[in-house]
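With chain A's structure known, arrange chains B and C on it following the hints.
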Amino acid sequence: MLKVISTLNGFIQPLRSLHIVRCSARRYTLCPFYTHDTLQSIRGYNILQLSLQHYPLNILTSQFMESLTDFFNQIQDRSISADALIIKSSIPMIYSAGLDLTELIINNNFDLDKCENYLTTFESFWLSLYCLDIPVLSLIEGDCLAAGCIIALSTDYRIMSDIDSKMGINATKVGITPPFWVCRLLSQAIGVSRADRAIQLGTVFSPKEALNIQLLDQVVSPKDCQAIALSVAEKFLFVDSLARRTIKLRFREELISELKNRLNSDRNELIRIISSDTTQERIRKLLKITKIV
Amino acid sequence: MLKVISTLNGFIQPLRSLHIVRCSARRYTLCPFYTHDTLQSIRGYNILQLSLQHYPLNILTSQFMESLTDFFNQIQDRSISADALIIKSSIPMIYSAGLDLTELIINNNFDLDKCENYLTTFESFWLSLYCLDIPVLSLIEGDCLAAGCIIALSTDYRIMSDIDSKMGINATKVGITPPFWVCRLLSQAIGVSRADRAIQLGTVFSPKEALNIQLLDQVVSPKDCQAIALSVAEKFLFVDSLARRTIKLRFREELISELKNRLNSDRNELIRIISSDTTQERIRKLLKITKIV
Amino acid sequence: MLKVISTLNGFIQPLRSLHIVRCSARRYTLCPFYTHDTLQSIRGYNILQLSLQHYPLNILTSQFMESLTDFFNQIQDRSISADALIIKSSIPMIYSAGLDLTELIINNNFDLDKCENYLTTFESFWLSLYCLDIPVLSLIEGDCLAAGCIIALSTDYRIMSDIDSKMGINATKVGITPPFWVCRLLSQAIGVSRADRAIQLGTVFSPKEALNIQLLDQVVSPKDCQAIALSVAEKFLFVDSLARRTIKLRFREELISELKNRLNSDRNELIRIISSDTTQERIRKLLKITKIV
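Chains as they are written, first to last, in this note's numbering: chain A, 1 to 293; chain B, 1 to 293; chain C, 1 to 293.
Isolated chain A, as found in the complex (with noise of 0.2 Å):
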């Protein structure tokens, strides 16, 4: 429950620290591609909500990513003051789209250094979410796509807003390979056989269809997604939170230490795929349509 829960205008009230804000500000002029604010609950938590804002469909472009790498690993090393974080997008319609295809086009040797290096960002940027030890929320309010949907996989909770709006992996119709850690994420939510089938077909689902399937913890409607995702870290924070950190350390250990010893070997076989002739013409293709490139 919130302390303003009552109030129907801004019955959220951003409590701002001035740490936030100093941090806020001096964040704007680098990386314009996200705002947060903290969010004070009546029990004294600090809920930290992060927008997501790099328009115009929150692609993780290489620089999105080490700046949001940066600010998790600034609220797990205790710099950023945050009890839960609830991870939310302000483009209307859209969570994020996932990678940045650009940076996936090769036509030589130095596309292949480029394209490693994007893809290490990448693994950095989900091991710096995957590895926050507070309580990290989704709060959906539109398309949840590829590596979007990784995001998501990687927090505590999802709540997904009743609309218009899709979410899955569609990777493989581009001709991209999710990393085996992905296939992992998906098959610990919603089972192996449905990861296996899903993955294979790249399919995205409605928010029921995510909810039956158990890719989505709730579907509420829109009005209601910011005071829900609230009581919800609420209650993640009821429970001791030593208790609570080692148990979500403990489902995490065993895929991190296997990413240790697989990361190589799995980034070298996404860039022979990515690489093929049949993966670069439909990612050209796809870019074309969207009319980034």
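Note that these hints are calculated values from the structure, not bench results.
Hints are not guaranteed to be accurate.
Said to hold, decoys possible - Think about it this way: if two alpha-carbon atoms lie no more than 35 Å apart in a straight line, the pair counts; the simulated DSBU-like pairs of lysine-lysine are:
{"#": "1", "chain 1": "B", "residue 1": "Lys166", "chain 2": "B", "residue 2": "Lys288"}
{"#": "2", "chain 1": "C", "residue 1": "Lys166", "chain 2": "B", "residue 2": "Lys235"}
{"#": "3", "chain 1": "A", "residue 1": "Lys208", "chain 2": "C", "residue 2": "Lys208"}
{"#": "4", "chain 1": "B", "residue 1": "Lys223", "chain 2": "B", "residue 2": "Lys166"}
{"#": "5", "chain 1": "C", "residue 1": "Lys166", "chain 2": "B", "residue 2": "Lys208"}
{"#": "6", "chain 1": "C", "residue 1": "Lys173", "chain 2": "C", "residue 2": "Lys208"}
{"#": "7", "chain 1": "B", "residue 1": "Lys208", "chain 2": "A", "residue 2": "Lys223"}
{"#": "8", "chain 1": "B", "residue 1": "Lys208", "chain 2": "A", "residue 2": "Lys208"}
{"#": "9", "chain 1": "B", "residue 1": "Lys173", "chain 2": "A", "residue 2": "Lys235"}
{"#": "10", "chain 1": "B", "residue 1": "Lys235", "chain 2": "C", "residue 2": "Lys173"}
{"#": "11", "chain 1": "B", "residue 1": "Lys260", "chain 2": "A", "residue 2": "Lys260"}
{"#": "12", "chain 1": "B", "residue 1": "Lys235", "chain 2": "C", "residue 2": "Lys114"}
{"#": "13", "chain 1": "A", "residue 1": "Lys166", "chain 2": "B", "residue 2": "Lys208"}
{"#": "14", "chain 1": "B", "residue 1": "Lys260", "chain 2": "C", "residue 2": "Lys260"}
{"#": "15", "chain 1": "A", "residue 1": "Lys223", "chain 2": "B", "residue 2": "Lys173"}
{"#": "16", "chain 1": "A", "residue 1": "Lys235", "chain 2": "A", "residue 2": "Lys166"}
{"#": "17", "chain 1": "C", "residue 1": "Lys208", "chain 2": "B", "residue 2": "Lys235"}
{"#": "18", "chain 1": "B", "residue 1": "Lys260", "chain 2": "B", "residue 2": "Lys114"}
{"#": "19", "chain 1": "B", "residue 1": "Lys173", "chain 2": "A", "residue 2": "Lys260"}
{"#": "20", "chain 1": "A", "residue 1": "Lys208", "chain 2": "A", "residue 2": "Lys173"}
{"#": "21", "chain 1": "B", "residue 1": "Lys166", "chain 2": "A", "residue 2": "Lys223"}
{"#": "22", "chain 1": "C", "residue 1": "Lys235", "chain 2": "A", "residue 2": "Lys166"}
{"#": "23", "chain 1": "A", "residue 1": "Lys114", "chain 2": "A", "residue 2": "Lys166"}
{"#": "24", "chain 1": "C", "residue 1": "Lys235", "chain 2": "A", "residue 2": "Lys173"}
Using the frame of chain A, we list chains B and C on its own:
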């Protein structure tokens, strides 16, 4: 189908064998924590029913668990004859409320040893139940919480009475981290992501909710519980015994073997968490509320 | 969408390529156990449809499996051209009733060898199916039992006709323990606890029940089966082929690699169980009832 299934009153006729009666009598003075009866089915199977009755909440005290471990071991080595086992409670509205929190209060090094001994007793108890090769069913007619839920999760089939009661592993609410094998057990039943969330949040479920997420196999009306438990036990006995035992062991061998490698480090981590100030405070507060201390 | 989807009668036009016809003709004399047709989709994909017809129950005799293994291997090495494979039965009301129990009758050491050879044939058959890198679909229009269900579980997508029929692994009822990789396959589809229970009990499911627990992907009316199977096959072919193949292999590689380590010990355990008096008795009784012996 039972021989006397048509008799409305007392349609289940406990046919105590001489052995069982003697055993019950002998045990009653030593450990009045439970009773057991042999229910004979039409096909001539001996279905042993264990009724926990350690007032008021079937709290798993050291003595209670040691006595149950001894009982399970006797079933396993065939000193006690049973084709299948049903575990229920004879205390109204309660299956078990879990561990004995008084054993987890730590004031000094002596208490640390006491706590470690207690957890070791719990592990032995759990293993003796989990490794039973006969079919084991839970008949849950009331709250089934924390280690009570772990008992249920370790049996082959879970039936719950459709009454106002709760089931779940709420340990984090008291600041306790369930052992890794509990995370595994719950993941196997309800899926990894859902288990992660349920344990992080310490969620408890109504019978219907528990059924929906596959924490339960059946929810039945209170008056049908007993008959259904028996008919399910019969189903387990209808298949070939050697083949069924082999399958049961195979589905458990991986966790049992992992257990041997991780048990000490896992227990040490748990003790570290239990010893923490916040957990000690939560335990004391809860004990005060429940007036046990 | 098929080219001739609007034609009511014979809307699926089997376009047998010369190669296929020659292959079918040559094979018919050797192994009249199945036929195969190439169905051509609008997008020009060759969708191969394999119709099992080993009367009366598509029992997996050695010869039947060897001939299918050969067929699958030719698909895998591209001697037979196919973009996707649909496996169905041309025997009404039956997909497959599973293993050939006569091969499992053991009277002497000679029979032990025969039994071991038979199981090895089954393993090779299964591997040749499981490792196929093209999309493989099951179109189930009747009982799909024991090893018949294993075939279905090894394909990428399972469609069942909504008729009065059963699906499941009922091996324990005959005293047979499914190999560990079958336990794994079923766990991946329906979850570990549910698989444990279903195999222990030898449970068979109606189409709707099988759909509810994710043993099936779709249950459709008998008249729509064929068209839906084709449209799903097209969906698999819509995504990038290399990316899809890589994902398919990745989801299978763990089990395949474990298989190599455990296969011998697992087979020996199975033979020990098959040789047991109770299992031999159950097998003989069943063969008597079904009048096969």
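Results for each hint:
no.	hint	verdict
1	B:Lys166 with B:Lys288	holds (22 Å)
2	C:Lys166 with B:Lys235	holds (18 Å)
3	A:Lys208 with C:Lys208	holds (20 Å)
4	B:Lys223 with B:Lys166	holds (19 Å)
5	C:Lys166 with B:Lys208	holds (27 Å)
6	C:Lys173 with C:Lys208	holds (22 Å)
7	B:Lys208 with A:Lys223	holds (28 Å)
8	B:Lys208 with A:Lys208	holds (20 Å)
9	B:Lys173 with A:Lys235	holds (10 Å)
10	B:Lys235 with C:Lys173	holds (10 Å)
11	B:Lys260 with A:Lys260	holds (25 Å)
12	B:Lys235 with C:Lys114	holds (32 Å)
13	A:Lys166 with B:Lys208	holds (30 Å)
14	B:Lys260 with C:Lys260	holds (25 Å)
15	A:Lys223 with B:Lys173	holds (30 Å)
16	A:Lys235 with A:Lys166	holds (27 Å)
17	C:Lys208 with B:Lys235	holds (21 Å)
18	B:Lys260 with B:Lys114	holds (21 Å)
19	B:Lys173 with A:Lys260	holds (33 Å)
20	A:Lys208 with A:Lys173	holds (22 Å)
21	B:Lys166 with A:Lys223	holds (31 Å)
22	C:Lys235 with A:Lys166	holds (18 Å)
23	A:Lys114 with A:Lys166	holds (30 Å)
24	C:Lys235 with A:Lys173	holds (10 Å)
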